[in-house]
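Using the sequences and the accompanying hints, generate a full structural model.
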Amino acid sequence: MSHANTPTPRRFQPGAPLTGRIAVPGDKSISHRSLMFGALAVGRTTAKGLLEGEDVMATAAALRAMGAAIVRSDDGTWIIDGVGVGGLLQPETALEMGNSGTSTRLLMGLVASHGVTATFTGDASLSKRPMGRVTEPLSLMGADFTSSPGGRLPLTMRGAHPAVPIEYRLPVASAQVKSAVLIAGLNTPGVTRVIEPVATRDHTERMLTGFGADLSVEEIDGTRIIDIRGEAELKPQDIIVPGDPSSAAFFVVAALLVPGSDLIVANVGLNPTRAALFDVLRAMGGSIEELDRRDVGGEPVADLRVRHSELSGIEVDPAVAPAMIDEFPVLFVAASLARGRTVTTGLDELRVKESDRLAAMAEALTLAGANIEEREDGLVIEGTGGEPLRGTSGERVTTHLDHRIAMSMAVAGLASRDGVEIDDTSPIATSFPTFEALLAQALAA
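Quick note on this note's numbering: the sequence shown kicks off at 141 and runs consecutively.
Hints in this document: simulated from the structure, not taken from any laboratory.
All figures in this text were calculated on a predicted structure; none of them were measured in a lab.
The reader is advised that the hints may include incorrect statements.
[What the hints assert, rightly or not] Derived CB-CB ranges, DEER-like:
no.	residue 1	residue 2	range
1	GLU276	VAL483	27 to 37 Å
2	ASN511	GLU359	35 to 45 Å
3	ARG447	ARG481	16 to 26 Å
4	PRO412	ARG447	19 to 29 Å
Where a beta carbon is used, it is the ideal one built from N, C-alpha and C, also for glycine.
Here it is in structure tokens:
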């Protein structure tokens, strides 16, 4: 992976407003699942607009190692010839996950109900991330794990065949844990049930239903009960991947903060379990207009017109955290330039992402001149009232090999007086390899 090599520092400077029209790459969550479910279908699945970042490529490589044929055609369409549920082969070497927690946890679910043994390895950042929240329910289904201390990678798992269906109540809101159990349930006799007290992103449920799985969702007093009947036969699909709202977030915030900006971000996925950031920014006074709202493959999509706005601090309802957990780093940047105080709570999950994102963003934004108070489960930010941040002078922001820290602080640099220098841009390639090129396009339009 590129970010394991020589660091690539860069200073992001204030400059022109963001204008014109850009399209961000395909949604990462949907891209991962397109490959996985296509690999488990019988026949040929196609995917257009697939995100071609390192995380998704790690998923593709692992699926190839277990027997699926996955190729990219000259026109950018990905073609997946699946092996069918239950048809995974024993990988001959370790599955290298790079920096991708999503790949690791969802693929563990895949292996859990197949009679194969797989070893998962990752880079230094991923190897620090705990996997116990996934291995616990998969162990209940019969999978067996040998891991590094603390339940971390490298980790070897032996799938159970047949696996045992379970009823599992999520102890924390996690789409990855939910998805791992549901994916394991695909090849498990009987009904596997996941009880979700707090709703999380629902791409797995939507897409598995589209692929023909026998899946039902019932909501009782805010609790979601998801049942999947095992030994499924998935039908191949032709998928158009909408633009990733997590990637769009950086450009939306940049356009709100940089005076004179008027930018259209095209084809953004607005799944309600993913798009809470845009609602929070509107509540802060941000001008974000939806154009040509439409439905693509069961997912709501629109073009977003974003104009420079004066933002006001708010208290962010912790209930929205699961629907924007990856977007909080860039929200912290927006809050740093708002008028008044922004309070965020209930964000313990950010401490176990690619980095401790609460500590990393508090440190980075403080270095750039923001007024930040770090608390155990969130940040309290006193905004500048629209005045640019000071920026960094002679010091570099530490990104901790975390792509979202790098991109969030790039946005902070655009909204600063002296610019912000980050220690390494190479981690950005894990999720958004065209970020810098698209930024240059928006600034030059």
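Violated constraints from the hint list, given by number and in increasing order: none
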